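**Student:** Here are the chains, one letter per residue:
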Amino acid sequence: MSEPTLVKGTYEEALKMVGHSTDVRFADVPIELGLIRAFTAMTEDANPTYWHKPTASELWDGLVAPPGLLTCLFMPMPWRPDGAVDRTVLGALVPLPGSTTINVSGEFTFFRPLRVGDWLNVVETVNSISPEKTTRLGVGHFVTTTAIYRDGEGGIVAEGISTMFRFDPAEAA
Amino acid sequence: MIIAGVAKGLTWEGVKVGEQLPELVLPITRLRAASHPAATRDYFPGHHDVEYAHAQGQPDIYVNTMFLHGVLDRLVLDWAGPAWFISRRKMAMLSSIYVGDTLTASGVVRKRRVTETEDRVVTIDIKVGTADGLRVTGETDLMLPWRHYYERTPGNE
Chain Y
0 MSEPTLVKGT YEEALKMVGH STDVRFADVP IELGLIRAFT AMTEDANPTY WHKPTASELW
60 DGLVAPPGLL TCLFMPMPWR PDGAVDRTVL GALVPLPGST TINVSGEFTF FRPLRVGDWL
120 NVVETVNSIS PEKTTRLGVG HFVTTTAIYR DGEGGIVAEG ISTMFRFDPA EAA
Chain P
0 MIIAGVAKGL TWEGVKVGEQ LPELVLPITR LRAASHPAAT RDYFPGHHDV EYAHAQGQPD
60 IYVNTMFLHG VLDRLVLDWA GPAWFISRRK MAMLSSIYVG DTLTASGVVR KRRVTETEDR
120 VVTIDIKVGT ADGLRVTGET DLMLPWRHYY ERTPGNE
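Residue numbers (numbering that gives the first Met the number 0), protein chains in the order written: chain Y, 0 to 172; chain P, 0 to 156.
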């Protein structure tokens with residue numbers, strides 16, 4: 000995949016996006032067993048509520064997904080028949096000078112388990128954008144966004160706050 | 000292996016402040032590095048394209064945020080058991096973890112408390128390191144019981 004598109008601009012332009020919220024965006028797909036299997040195989044996670052329906056039904060009234068799958072549901076696919084959706088996260092759409100990004104930190108609150116069949120949607124909001132900072136990686140700005148994840152009935156499943164660094168690398172390795 | 004009729008694991012009475020969780024050791028093999036972008040649906044090139052990683056100033060491709068979420072969540076639920084609910088997870092990435100590294104995740108029980116709404120919550124402090132030092136810090140709240148919590152989920156009242 001080629002380098003993801005980042006909206007370029009100045010810090011002053013970026014500050015105008017503070018408080019901006021996205022439209023409601025649905026996950027490409029509902030939570031299903033294949034996604035859960037791929038995720039839990041990756042971490043070798045044998046938790047039976049992800050793998051074993053009788054146990055999951057006893058504890059959670061049905062199979063559940065690992066909490067870490069939440070944000071994966073909203074990543075764009077690299078190709079689709081109607082054209083790839085060329086975006087990563089809201090932080091990439093904030094106009095800033097930085098040519099690349101890296102996630103720095105995040106905090107997620109979960110209100111209920113993620114369930115097989117859940118088709119979730121998200122609304123993201125730009126919280127804050129730091130003045131220019133220099134880190135080990137380079138020079139750039141920290142962009143903090145919040146996200147509210149809802150189910151099809153409008154119930155809030157989870158909330159998240161994430162910080163990414165939009166930067167120009169100091170020196171190529 | 001699936002264990003039928005699973006033991007429910009840790010009880011509320013069994014939670015001891017200061018207890019160390021069993022460590023979780025996971026090598027970042029080429030297979031894991033190659034499969035994690037698909038498993039997390041994350042095709043950001045820093046996780047699969049070494050030239051892009053170099054241009055970012057990174058020595059190699061590195062594992063993504065969602066992979067680390069999965070590691071933190073596995074660490075605490077391997078210890079507590081599948082009847083517990085992860086109600087909060089905070090994570091800070093101090094430095095990246097690269098293909099070829101072996102990560103070790105460790106946790107310690109920092110506090111246990113009963114909230115105003117009578118939820119029983121355990122807070123775990125987490126560290127993830129490699130041979131090169133500390134890479135990730137985290138903090139996770141585990142909760143019992145879940146039904147009460149579900150019923151007061153915003154929008155589900």
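Treat each hint with caution, since some may be false.
With a straight-line cut-off of 20 Å between C-alpha atoms, the simulated SDA-like cross-links for lysine to any residue are [claimed, not checked]:
| # | chain 1 | residue 1 | chain 2 | residue 2 |
| --- | --- | --- | --- | --- |
| 1 | Y | 52 | P | 80 |
| 2 | Y | 52 | P | 136 |
| 3 | Y | 132 | Y | 52 |
| 4 | Y | 15 | Y | 155 |
| 5 | P | 89 | Y | 141 |
| 6 | Y | 15 | Y | 108 |
| 7 | Y | 7 | Y | 106 |
| 8 | Y | 52 | P | 82 |
| 9 | P | 89 | Y | 159 |
| 10 | P | 89 | P | 119 |
| 11 | Y | 15 | Y | 141 |
| 12 | P | 89 | Y | 10 |
| 13 | P | 15 | P | 109 |
| 14 | P | 89 | Y | 11 |
| 15 | P | 126 | Y | 103 |
| 16 | Y | 15 | Y | 106 |
| 17 | P | 126 | P | 143 |
| 18 | P | 89 | Y | 52 |
| 19 | P | 89 | Y | 15 |
| 20 | P | 89 | Y | 155 |
| 21 | Y | 15 | Y | 92 |
| 22 | P | 126 | P | 44 |
| 23 | Y | 132 | P | 110 |
| 24 | P | 15 | P | 82 |
| 25 | P | 126 | P | 82 |
| 26 | P | 110 | Y | 27 |
| 27 | P | 89 | Y | 160 |
| 28 | P | 110 | Y | 127 |
| 29 | Y | 7 | P | 44 |
| 30 | P | 15 | P | 94 |
| 31 | Y | 7 | P | 94 |
Between beta-carbon pairs, the in silico distance windows are [unchecked claim]:
| # | chain 1 | residue 1 | chain 2 | residue 2 | range |
| --- | --- | --- | --- | --- | --- |
| 32 | Y | 57 | P | 111 | 39 to 49 Å |
| 33 | P | 132 | Y | 45 | 40 to 50 Å |
| 34 | P | 11 | Y | 43 | 47 to 57 Å |
| 35 | Y | 82 | P | 114 | 43 to 53 Å |
| 36 | Y | 56 | P | 119 | 37 to 47 Å |
| 37 | P | 19 | Y | 6 | 27 to 37 Å |
| 38 | P | 37 | Y | 60 | 27 to 37 Å |
| 39 | P | 115 | Y | 152 | 20 to 30 Å |
| 40 | P | 16 | Y | 82 | 33 to 43 Å |
Quick caveat, the hints were computed from the structure, so don't treat them as lab data. Predicted model only: the values in this text are computed from it and were never measured. Virtual Cβ for every residue (Gly too), placed ideally from N, Cα, C.
**Student:** Next step is simple, just say for each hint if it's right about the structure.
**Tutor:** For each hint, the structure was consulted:
1. For the hint linking residue 52 of chain Y to residue 80 of chain P, the alpha-carbon distance of about 16 Å falls within 20 Å, and the restraint holds.
2. Our distance criterion of 20 Å between C-alpha atoms is broken by residue 52 of chain Y and residue 136 of chain P, whose separation comes to about 33 Å.
3. Straight-line distance between C-alpha atoms of residue 132 of chain Y and residue 52 of chain Y comes to about 49 Å, which puts the hinted pair past the 20 Å bound.
4. Of the supplied pair hints, the one linking residue 15 of chain Y and residue 155 of chain Y is violated, its CA atoms being roughly 28 Å apart against a limit of 20 Å.
5. Distance restraint check for residue 89 of chain P and residue 141 of chain Y: the Cα-Cα separation of roughly 17 Å lies within the 20 Å cut-off, and the hinted pair is therefore satisfied.
6. For the hint linking residue 15 of chain Y to residue 108 of chain Y, the alpha-carbon distance of about 28 Å lies beyond 20 Å, and the restraint is violated.
7. Between residue 7 of chain Y and residue 106 of chain Y the CA atoms are separated by roughly 27 Å; this puts the pair beyond 20 Å, and the hint is violated.
8. A threshold of 20 Å between alpha carbons decides the hint, and for residue 52 of chain Y with residue 82 of chain P the separation of about 14 Å falls inside it, so the pair holds.
9. Note on residue 89 of chain P and residue 159 of chain Y: the hinted pairing holds, with a Cα-Cα distance of about 9 Å set against a maximum of 20 Å.
10. At roughly 18 Å between alpha-carbon atoms, residue 89 of chain P and residue 119 of chain P fall within 20 Å of each other, so this suggested pair holds.
11. Restraint check for residue 15 of chain Y and residue 141 of chain Y: the C-alpha separation of about 15 Å stays at or below 20 Å, so the hint holds.
12. A distance of roughly 27 Å separates the Cα atoms of residue 89 of chain P and residue 10 of chain Y; the hinted pair therefore is violated under the 20 Å criterion.
13. At roughly 9 Å between alpha-carbon atoms, residue 15 of chain P and residue 109 of chain P fall within 20 Å of each other, so this suggested pair holds.
14. Restraint check: the Cα-Cα separation between residue 89 of chain P and residue 11 of chain Y comes to about 30 Å, which exceeds 20 Å; the hinted pair is violated.
15. A C-alpha spacing of about 15 Å is found between residue 126 of chain P and residue 103 of chain Y, which places the hinted pair at or below 20 Å, so the restraint holds.
16. A C-alpha spacing of about 24 Å is found between residue 15 of chain Y and residue 106 of chain Y, which places the hinted pair above 20 Å, so the restraint is violated.
17. In summary, the hint linking residue 126 of chain P to residue 143 of chain P is not supported, as the alpha carbons are separated by about 23 Å, beyond the 20 Å threshold.
18. Using a Cα cut-off of 20 Å, the hinted pair residue 89 of chain P and residue 52 of chain Y is violated, with the two alpha carbons roughly 29 Å apart.
19. About 28 Å separates the Cα atoms of residue 89 of chain P and residue 15 of chain Y, which puts this hinted pair outside 20 Å; it is violated.
20. Restraint check: the Cα-Cα separation between residue 89 of chain P and residue 155 of chain Y comes to about 19 Å, which is no more than 20 Å; the hinted pair holds.
21. A C-alpha spacing of about 12 Å is found between residue 15 of chain Y and residue 92 of chain Y, which places the hinted pair at or below 20 Å, so the restraint holds.
22. Taking the CA atoms of residue 126 of chain P and residue 44 of chain P, the gap is near 26 Å; set against the 20 Å cutoff, the hint is violated.
23. Restraint check: the Cα-Cα separation between residue 132 of chain Y and residue 110 of chain P comes to about 35 Å, which exceeds 20 Å; the hinted pair is violated.
24. With a CA separation close to 18 Å, the supplied pair residue 15 of chain P and residue 82 of chain P stays within the 20 Å bound.
25. Straight-line distance between C-alpha atoms of residue 126 of chain P and residue 82 of chain P comes to about 23 Å, which puts the hinted pair past the 20 Å bound.
26. A C-alpha spacing of about 39 Å is found between residue 110 of chain P and residue 27 of chain Y, which places the hinted pair above 20 Å, so the restraint is violated.
27. For the given pair, residue 89 of chain P sits about 9 Å from residue 160 of chain Y by alpha-carbon distance, which is consistent with the 20 Å threshold.
28. A distance of roughly 31 Å separates the Cα atoms of residue 110 of chain P and residue 127 of chain Y; the hinted pair therefore is violated under the 20 Å criterion.
29. Taking the CA atoms of residue 7 of chain Y and residue 44 of chain P, the gap is about 19 Å. The hint holds against a cut of 20 Å.
30. Between residue 15 of chain P and residue 94 of chain P, the direct Cα distance comes to roughly 31 Å. Violation of the 20 Å bound is thereby established for this hinted pair.
31. In summary, the hint linking residue 7 of chain Y to residue 94 of chain P is not supported, as the alpha carbons are separated by about 26 Å, beyond the 20 Å threshold.
32. Range check, residue 57 of chain Y to residue 111 of chain P: Cβ separation about 25 Å, and the 39 to 49 Å hint is violated.
33. For the hinted restraint 40 to 50 Å between residue 132 of chain P and residue 45 of chain Y, the CB-CB distance of approximately 29 Å leaves it violated.
34. Checked against the hint of 47 to 57 Å, the C-beta distance between residue 11 of chain P and residue 43 of chain Y comes to roughly 28 Å, which is inconsistent with it.
35. Between residue 82 of chain Y and residue 114 of chain P, the C-beta spacing of about 47 Å keeps the proposed range 43 to 53 Å intact.
36. One distance hint, 37 to 47 Å for the beta-carbon pair residue 56 of chain Y and residue 119 of chain P, is violated here, with the actual separation near 23 Å.
37. A beta carbon spacing of about 45 Å between residue 19 of chain P and residue 6 of chain Y contradicts the range 27 to 37 Å that was offered as a hint.
38. In this structure, residue 37 of chain P and residue 60 of chain Y meet the distance hint of 27 to 37 Å, their C-beta atoms being roughly 29 Å apart.
39. Between residue 115 of chain P and residue 152 of chain Y the beta carbons are some 27 Å apart, a value that agrees with the proposed interval 20 to 30 Å.
40. For the pair residue 16 of chain P and residue 82 of chain Y, the beta carbons lie near 54 Å from each other, so the given range of 33 to 43 Å is not met.
Checked against the numbered hints above, the structure breaks hints 2, 3, 4, 6, 7, 12, 14, 16, 17, 18, 19, 22, 23, 25, 26, 28, 30, 31, 32, 33, 34, 36, 37, 40 and satisfies the rest.
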